[in-house]
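Residue numbers (my numbering), protein chains in the order written: chain A, 1 to 223; chain B, 1 to 223; chain C, 1 to 223; chain D, 1 to 223; chain E, 1 to 223.
Bear in mind the hints are in silico, worked out from the structure with no lab data behind them. Any given hint could turn out to be false.
Claimed, not checked - Not close to chain A: a few residues of chain E, all C-beta gaps over 12 Å, as computed:
| no. | residue |
| --- | --- |
| 1 | I27 |
| 2 | P29 |
| 3 | R80 |
| 4 | D151 |
| 5 | D168 |
| 6 | R172 |
| 7 | K182 |
| 8 | K209 |
Unchecked claim - Going by beta-carbon spacing under 7 Å, a handful of chain B positions derived as facing chain C:
| no. | residue |
| --- | --- |
| 9 | M1 |
| 10 | Y140 |
| 11 | S196 |
Where is the CB? At the ideal position from N, CA and C, for every residue including glycine.
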Amino acid sequence: MLKGGERLLAFDHAVEHGPDDYFGVDISPERIGKIARLMDGIICHIGIAREVRAKNVIVKLSAHHGMMKQMSQHLVTSVREASDVADAVAVTLYTGTPDDGRMLDMVRQVKDEAHEYGLPLLVFAYPRGKLKHDRKAVLYASRMAQEIGADFVKTYYLGRQSAKEVVDYSFRPVYFGGGDRKPLKKVLDEVRHAASIGAGVAIGRNLWKRANAEEVAKMIMEA
Amino acid sequence: MLKGGERLLAFDHAVEHGPDDYFGVDISPERIGKIARLMDGIICHIGIAREVRAKNVIVKLSAHHGMMKQMSQHLVTSVREASDVADAVAVTLYTGTPDDGRMLDMVRQVKDEAHEYGLPLLVFAYPRGKLKHDRKAVLYASRMAQEIGADFVKTYYLGRQSAKEVVDYSFRPVYFGGGDRKPLKKVLDEVRHAASIGAGVAIGRNLWKRANAEEVAKMIMEA
Amino acid sequence: MLKGGERLLAFDHAVEHGPDDYFGVDISPERIGKIARLMDGIICHIGIAREVRAKNVIVKLSAHHGMMKQMSQHLVTSVREASDVADAVAVTLYTGTPDDGRMLDMVRQVKDEAHEYGLPLLVFAYPRGKLKHDRKAVLYASRMAQEIGADFVKTYYLGRQSAKEVVDYSFRPVYFGGGDRKPLKKVLDEVRHAASIGAGVAIGRNLWKRANAEEVAKMIMEA
Amino acid sequence: MLKGGERLLAFDHAVEHGPDDYFGVDISPERIGKIARLMDGIICHIGIAREVRAKNVIVKLSAHHGMMKQMSQHLVTSVREASDVADAVAVTLYTGTPDDGRMLDMVRQVKDEAHEYGLPLLVFAYPRGKLKHDRKAVLYASRMAQEIGADFVKTYYLGRQSAKEVVDYSFRPVYFGGGDRKPLKKVLDEVRHAASIGAGVAIGRNLWKRANAEEVAKMIMEA
Amino acid sequence: MLKGGERLLAFDHAVEHGPDDYFGVDISPERIGKIARLMDGIICHIGIAREVRAKNVIVKLSAHHGMMKQMSQHLVTSVREASDVADAVAVTLYTGTPDDGRMLDMVRQVKDEAHEYGLPLLVFAYPRGKLKHDRKAVLYASRMAQEIGADFVKTYYLGRQSAKEVVDYSFRPVYFGGGDRKPLKKVLDEVRHAASIGAGVAIGRNLWKRANAEEVAKMIMEA
Chain A
1 MLKGGERLLA FDHAVEHGPD DYFGVDISPE RIGKIARLMD GIICHIGIAR EVRAKNVIVK
61 LSAHHGMMKQ MSQHLVTSVR EASDVADAVA VTLYTGTPDD GRMLDMVRQV KDEAHEYGLP
121 LLVFAYPRGK LKHDRKAVLY ASRMAQEIGA DFVKTYYLGR QSAKEVVDYS FRPVYFGGGD
181 RKPLKKVLDE VRHAASIGAG VAIGRNLWKR ANAEEVAKMI MEA
Chain B
1 MLKGGERLLA FDHAVEHGPD DYFGVDISPE RIGKIARLMD GIICHIGIAR EVRAKNVIVK
61 LSAHHGMMKQ MSQHLVTSVR EASDVADAVA VTLYTGTPDD GRMLDMVRQV KDEAHEYGLP
121 LLVFAYPRGK LKHDRKAVLY ASRMAQEIGA DFVKTYYLGR QSAKEVVDYS FRPVYFGGGD
181 RKPLKKVLDE VRHAASIGAG VAIGRNLWKR ANAEEVAKMI MEA
Chain C
1 MLKGGERLLA FDHAVEHGPD DYFGVDISPE RIGKIARLMD GIICHIGIAR EVRAKNVIVK
61 LSAHHGMMKQ MSQHLVTSVR EASDVADAVA VTLYTGTPDD GRMLDMVRQV KDEAHEYGLP
121 LLVFAYPRGK LKHDRKAVLY ASRMAQEIGA DFVKTYYLGR QSAKEVVDYS FRPVYFGGGD
181 RKPLKKVLDE VRHAASIGAG VAIGRNLWKR ANAEEVAKMI MEA
Chain D
1 MLKGGERLLA FDHAVEHGPD DYFGVDISPE RIGKIARLMD GIICHIGIAR EVRAKNVIVK
61 LSAHHGMMKQ MSQHLVTSVR EASDVADAVA VTLYTGTPDD GRMLDMVRQV KDEAHEYGLP
121 LLVFAYPRGK LKHDRKAVLY ASRMAQEIGA DFVKTYYLGR QSAKEVVDYS FRPVYFGGGD
181 RKPLKKVLDE VRHAASIGAG VAIGRNLWKR ANAEEVAKMI MEA
Chain E
1 MLKGGERLLA FDHAVEHGPD DYFGVDISPE RIGKIARLMD GIICHIGIAR EVRAKNVIVK
61 LSAHHGMMKQ MSQHLVTSVR EASDVADAVA VTLYTGTPDD GRMLDMVRQV KDEAHEYGLP
121 LLVFAYPRGK LKHDRKAVLY ASRMAQEIGA DFVKTYYLGR QSAKEVVDYS FRPVYFGGGD
181 RKPLKKVLDE VRHAASIGAG VAIGRNLWKR ANAEEVAKMI MEA
């Protein structure tokens, strides 16, 4: 059962980013499952969720993909369908887009259904547009997600000060995303800092964009 | 049970306004609950509503946030979900926006469901656009909200004459919002005037934007 | 039970028109109920419908208000909610607007639900735009409303010839609206003419915009 | 029970076309019923369907009217409501408009519900825009309607060759519309030709726009 | 029961393409059924699905047609309706259009309902716009369809290298479409290559646009 502070494998980039992010990489469900089992759990879509055997399987119910013309997330999996394999469900709330209102409606719909099924809801609180990586916007989005009923929040790690602010104004557990590939030392520093302020992490591209993902997963767990 | 005339704590600005309105302030659920218990109740979103222990917990079901590009409210919490912790539910009806029609539909949906659950509905009757603080618009919106079935109405306090008009044309209890930070004397005067014409108040920023919110809460209650 | 030919009080202008049409006038539920009881019934929104004690309470389920930017009606009350107090329900169908299609959908939805609850449906068949007061448009709209299943129709009184045409092409009872304030003699003439061709009336502003509404109500009933 | 080949009375022009097409004509439910009983059945909206006593009452569930600004059909009657009086239900699918997608959704919705009620579905397969009376477009639309599950199809009669093509590529019974008023000989020729290739007809304006509709109805039946 | 690797007849072009693709050709349900029985199954719409007697009847639930102004698919058949005759259901997901979000919602809706009925879902993963026949876009779309829960995927065959990539990154069975008419040798080469990498095929226009479709069907099965 998800408690906060976990170090999770993220695997949604075959939807969000496409082949540029996985070409030449083994992203078979077997390998994804193997890495997930090295960590505290996994965030992925329903297709992979059905294949991996891991603890803390968090099924991402909404999607945006790289060929879409709108900056918007839509539901691709129902809570009912996810409930067969999920320990928790996740949905992304972009803020600062023309489609904010519909996404608020989407969060309500998923939250209502998830709680009916006894599943906790993780909201990815992600500013978009000019304020995508703005400290204040990240703080705003992550607190707001909790106000409107998220059980867990995931947002950007924008440095120690920002991360500390986010956690300080939170009353639900926070996970920080790993973002795009960066030096391994930096990844591990962030993981350690997150842990030191009581937050978890969800690492994807910093694993998948490295040849030795299994080893990096172990390093993240031991950081 | 809500009867009208209560002096309520408002805490929705972590959604509606963002960090500019709370940075540096303790907005932990513990403190929010403490202040709510000094007053007659609280209007807040579901996340906080689950944490506070207070009488008259009014769950705000709709939201607008400061990063949205539309002047519009969307449902972020279902009546069913709120019903576990709510003594009443609230929804905002903006008037004078391009999205008025959809918000009328939203009021109907919430009202129908709230009454099915035996929960009274508080409608925030808020003009927007050029007429945001127009006396006639405020009178129009607050009476209309009652016509279409609100059990309680909250609107702007635009001075004694306006407040009196609003109440005179009301057949349901009215609450006046405290608006943005203003001199304490003015706040207390408004509270007293509201009481003298049988109306309640919902005070948020005038508490949260002051260091000594607990003391101000007591002064409001004793005014 | 509504049969056709009734002389009804209309009270929807606190929604449709706003304070310009009621400022300085006693529009308390008590007075509205008193006048309604002088007449054959009342058309009003759910808020007032819950307060008046009168025969033939027709609850208006859709609304347009004077601050809206769209020429469109949206549902503000569900049939289920109205069913507690309503003898019939009403909905407005504007024709000649960009939103005609959605309003046809709205009529279907209300009609289906109303008939499920055993409530007759009154459709306000109101052309809008250039043809608002066009004889042919009024004839078209009122017959169409009956074709698509209205049990009763309300439309504009555009003179004796027009009113006669509307009734001649009707196979359901017709009510004519009183329109804006006009000389009392004219109002009473229209009421008498409507009666002579088997139609009822729904009088609102010609009562509310007069000091002696109670007396006028009696004159209408005795006309 | 509808089998194909019937010669049907069409009465939907009080919705689709308006007073220009019926002014001065007796379109009382009594007369409509009388003519319907002279023929094999009737296609009409729910209002009239409740009044006529005839075999093969086909209730038109969707509508477009002459004051609409969109070239689009919307549902004005639910299958459930029609099921009290209908032997079959009908819906129009325009092709070549900006609203095609929504109308495909509408066909699915009606089809699903109609079949649940055991009612066959007649689809009016009507191209719109530049290709309204294009042979290929008519052939395309009528076959497509059958592919997606229509039990019966109604389309334009664009001459013998076109009508033959439509029937040749059909695997469900076809009805041809009579179109606007034309010489009686032409009407009867089309009826005969339709019959010779196994198709039925639905005649409206060519009856209603003639003084002696009853006689013409008999001539159509005997053609 | 569909397992992957089947060689299927595709018959949806009377919806997708229109008379230009079938004029002069026998597309009676009898002939379609006959050819389907020569092969491993058929993908078609509900109208034909009700008529053919074949194994592996895959009912296409969404449609786009050649007269539509939008590049978009809408549901024309419900899962419930298809369930009477279907062994599996199919839906098209275009990527790279202004309507991507709604189509993601559509996939979720169909998937949820299909799995409730125990029917596997085949997703046509089809890029549109500039990237329609782009190798990377096809790889992206086909993997994404599996991520979000498709049980089977169908996409374009863009040559041996592309087809191999698609299969290599798949964890569900893949079918390749035959595309437009091309030399028979090429068709058979593609069928053999697909089989060699474990993929199935769905051949439509390369059968229907040939006089001897029955013979070609046999050649495909024996390739």
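Taking the hints in turn, this is what the structure says about them:
Annotated as non-interface, I27(E) keeps its C-beta farther than 12 Å from every C-beta of chain A; the closest such distance is 34 Å. Its beta-carbon lying about 34 Å from the closest one in chain A, P29(E) satisfies the requirement of being farther than 12 Å from that chain. The beta carbon of R80(E) is kept farther than 12 Å from every beta carbon of chain A, the shortest such distance being approximately 16 Å. Against chain A, the non-interface label of D151(E) is violated: not every CB pair exceeds 12 Å, the least being about 9 Å.
Against chain A, the non-interface label of D168(E) is violated: not every CB pair exceeds 12 Å, the least being about 9 Å. Against chain A, the non-interface label of R172(E) is violated: not every CB pair exceeds 12 Å, the least being about 7 Å. Every beta carbon of chain A lies more than 12 Å from that of K182(E), the smallest distance being close to 26 Å; the non-interface claim holds. For K209(E), the requirement that its beta carbon stay farther than 12 Å from each beta carbon of chain A is met, with the minimum near 30 Å.
With a least beta-carbon distance of about 18 Å to chain C, the hint placing M1(B) at the interface is violated under the 7 Å criterion. Because the closest C-beta pair between Y140(B) and chain C is about 4 Å apart, less than 7 Å, the hint holds. The interface hint given for S196(B) is violated, since its Cβ lies 20 Å from the closest Cβ of chain C, which is over the 7 Å cut-off.
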